[in-house]
Amino acid sequence: MKIIVSILLVIMSMFASDATIDVVKKADTLPSIALEDASVSYDSTFKIKFFKALAADLNVLSIFNVDKAQRNIDFDASRVLVENKDMNYVLRYKLSQDDARALNVEMKLFSKDGIVFNKNYKVNSSDIYMFVAHTIAYDINNFMGEGPVEWMKRKVIFSRMISPQRSELVVTDYTLTYQHVIVKGGFNLFPKWANKEQNAFYYTSLNETKPTLKHIDLRTGKSKTIKSSDGMMICSDVNEDGSKLLLTMAPNGQPDIFLYDTKTKGAKKLTNFGGIDVSGQFMENDKIVFVSDRLGYPNIFSLNINTGSVEQVVYYGKSNSACSAYGKYVVYKARESSDSFSNNTFNLHLVSMESDSIRRLTAVGVNEFPKFSVDGDAIIFVKNYQSQSSVGIIRLNHNKNFLFPLQFGKIQSIDW
Amino acid sequence: MMKSIVLASAVAALLVLSGCGDKNPQVDANDGAAVSEQAAPVAPVQASTDSSETAAEYMARIEKELKTIYFDFDKFSIKSDMQADLSADAAVANANASKFQLKLEGNCDEWGSDEYNFALGLKRAESVKKALVAEGVNADRISMVSFGESSPVCTDKTKECWAQNRRVDFKLLP
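Sequences listed follow chains G and F, in order. Residues in the first sequence are numbered consecutively from 628, following this note's numbering. Residues in the second sequence are numbered consecutively from 298, following this note's numbering.
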C-alpha cells in the first residue's frame, strides 16, 4: 500500500511541474479578498476607475476570489467594514493628491490577524494610475508567496493598423488601459523591446525604398537606422542581455534568419533552406526555434546555432506559423481550418520539448503572436475575433485566459 | 512622400518602484525629446515623350498599365490564368517603363499578420520577379517588398475580397 501511495505521489509531482498538463483550480477554494476605498482626493469617476483596475489586477493574479463591491471607509479605522468581516483578506487603500499633483497611494492588507502588509506608492501623474494598481497586485502576489508575475509591471508595445499602409506604434500596460503613441504616421511594424529595461525598442520601417530596421532610445528620443534589406527586415527576437538579435532578412528575395551582433554590427546567416525560414526565437543552449515551410507547409523547428543541426519541434497540425520559447516549452500558432472561403480558426498550443504532450490554450478566433513573459509565468497574444482586436494573457499555471479589447484599429504585432 | 513623425516622448510608465514597508517608491517619468523625420523627396524625372505631361504624371500613367498579379490561397506560384497579364507586364516593363526601376509589392489576405504571412507575400513578389526576368526584364531593375496583410485593397469579409488581396502590385521608381 505504501508503495502504491509513493508511486502516486511521484506521478502527481511529475505532472504538477509540467505546464502542458491542465491545472484546474476550483474558484471556491481560493481565499476571499475585498477592497476598501479610503481615498481623500479625486472625483468618484477616478475612484471607480482605480477600484476597477485594482480589482481586475487581483483577479488576474488568480489566487483570490475578489469581491466586486466598492465600499468606503476611513483609512485609519482599526477594523474592517462589517460587510467584510468574513473575508480572508481586506485590501484598504487611500488615494491622495499632493501639491505637485502627484498621485499618492497608501495601502494596507488585513487578514484575521490584523494588518499583515503595508506599502505606499507615488507617481507623478494620476494618468498612470493603472501602473500603481499593477504594482500593488504584484506586491501582494509576492507577499502571498506566489510565483513571480514580473510581466504585470512591464510595458507592452504593439503596432496598430489605422488604414492600409498606415500604422502607429503604441506603448501600453498589459490591460491596454494606458496607451501612448510612440511612433505616429507612416508604415511601421513589428516593434520589439531592445532590452530587459524596456528603455529602447526596434521596429520595421516600410517608409524607405527597402524595409529598414530602426532603433529608438526612449531616454533620449533618438532614432537610428540599424540595417536595411530588400524584401523583408524584421527583428524577431532579442536575447537576454540585448547583445544579439534574430533578424529575418531577404537580401535576394529569400527569407532567412540571421544572427545580428549589436556590438560588431555583423550578421551571420543561420538558415540556408530555399523556402521560407522566419520568426527566429532564442532558446536555451545556443538553440533557436523558428518557422519554416521546408516540409511543404509552415511548421516549427529548432536549430543549433553552433552545429547547424535542425530538428522538427511540432508533429501536430499542417500549418503552424508562429512560435515563442521559454525553457523547455514552446507555444505555437496552429491553423485549425484550411478554408479559403470562410472564417478560419487559429489556436495557440503549448508543447514541451521533453514530452509529447500538447495543450491547447485558446478556443475560437484568430489567435497569434504568442510571446512568453520574461519569467515564463504567462503568455501574451493577439486575438482577432469578429472584427475586434484584443490582447490576451494566458496564466499557464492557473489555466486562465484574460482578454483586453482594443478600442479601435487592428493589432499587427506585439511584444512585452 | 512618406512622412513619419516619431513621437519619442518616453513613456511615463517607466516606473521605478522599489523599496518595502512604508518607503515611498518614486516613479521616473521620463519626458523625452520629440524627433521628426522625413524620407528624402522623390527626385523629379525628365520624361521626353510628352511635353504637356510632368515626369510624375508620366510615371503614374505608365504604372497604371502594369497589371496586378493575383494568387491562390496560401500559394505563391503563378497561376496559369495570370501568365498573359505577366507577359503584358514584362512588355510594358521593357518598353514604356524601361527608364524606371520596378518595385514589386507582395500582399496577403487577412489570415495572419505574422512573419510567415509577410514571407508569403515576398515569395509572391519573387515569383513575379522570376517570371519578369524570364521574359527579358533586367533583374537589377527590380526590388521587392512585402506588406503582408497590412495593405488590403478590400476589407470586406468575403472570398472575393480576400482573393483581391492575395496579389503583387507594381510600383515604378525613378
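Accuracy of the hints is not assured; some may be wrong.
[As the list claims (entries may be wrong)] Okay, derived cross-link-like pairs now, SDA-like style, lysine to any residue, Cα gap no bigger than 20 Å in a straight line:
1. F:Lys-372 x G:Glu-835
2. F:Lys-427 x G:Pro-878
3. G:Lys-945 x F:Asp-453
4. F:Lys-456 x G:Asn-866
5. G:Lys-811 x G:Phe-1035
6. F:Lys-400 x G:Glu-835
7. G:Lys-712 x G:Asp-670
8. F:Lys-376 x G:Tyr-924
Read the hints as simulated data drawn from the structure, not as lab findings.
- [ ] Give me the numbers of the hints this structure contradicts, sorted from smallest to largest.
- [x] 1, 3, 4, 7
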